[in-house]
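Participant: Use these hints to put chain Y onto chain C, whose structure you have.
Protein sequence lines correspond, in order, to chains C and Y. So that you can map any letter, position 64 of the first sequence is 64 in my numbering, and since no number is skipped, the others follow by simple counting. So that you can map any letter, position 24 of the second sequence is 124 in my numbering, and since no number is skipped, the others follow by simple counting.
Keep in mind that the hints were calculated from the coordinates and are not lab data. Mixed in with the good hints, there may be bad ones.
Below, a list of computed lysine-lysine pairs in the DSSO-like style, where the Cα atoms sit at most 30 Å apart [what the hints assert, rightly or not]: (1) K192/Y - K76/C; (2) K71/C - K195/Y; (3) K76/C - K195/Y; (4) K192/Y - K71/C.
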Amino acid sequence: MTLAILLAVYLYRVLRGPTIFDRVLGLNGISTKAIILLIVIGLYFERVDMFVDISTGYALLNLVGALAVTKYLEQKGVP
Amino acid sequence: MNILSTVFIIAGLFFLIVAAIGVVRLPDVFSRAHAVSLTDSLGAFLMLVGIALHEGFGLNSLKILVVLALLYILNPVIAHATIRAALRAGLKPWKKETS
Chain C
1 MTLAILLAVY LYRVLRGPTI FDRVLGLNGI STKAIILLIV IGLYFERVDM
51 FVDISTGYAL LNLVGALAVT KYLEQKGVP
Chain Y
101 MNILSTVFII AGLFFLIVAA IGVVRLPDVF SRAHAVSLTD SLGAFLMLVG
151 IALHEGFGLN SLKILVVLAL LYILNPVIAH ATIRAALRAG LKPWKKETS
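In isolation and in its complexed conformation, chain C is listed as follows (with noise of 0.2 Å):
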């Protein structure tokens, strides 16, 4: 319950962050949240074997996708 609330704090950063590097870091905020919240939603169900494998897929996805987009700024320079 108190991770939700912590998602809606990064996503008010996430929408109003004036430059785009605010974008990025409150992405990586909400994926770290997301990650957590996946095996305590495994704690619940009493599923968690199912639960880390998807949390470990999705923090790949996350160093990729944030690597991706911050060496694309790097090169191109801030709009």
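Facilitator: Just chain Y, lined up with the frame of chain C:
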């Protein structure tokens, strides 16, 4: 064991709330990165250790520790890449107004 895992989870929630307050209140990108990277990593560490203690020994808690190690490697890498891109793009760090 149960009390220990509860203490870990409560401490992790405390650090996550502090990180969220820092993300909203701090003035610019370079100081917000502290809240996202450092405090968030500590909160996630404490919460996942608490959940692994709650599960007990076995394959499940081992997988949770693998996710924890992955998160601990990935989170500083992403924060570092973002801040390096911000610095090379020419953003100025925030200074206190002396007016």
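Participant: Give a verdict on every hint.
Facilitator: Taking the hints in turn, this is what the structure says about them:
no.	hint	in the structure
1	K192/Y - K76/C	holds, 18 Å
2	K71/C - K195/Y	holds, 27 Å
3	K76/C - K195/Y	holds, 26 Å
4	K192/Y - K71/C	holds, 19 Å
Hint check: no violations occur; every hint is consistent with the structure.
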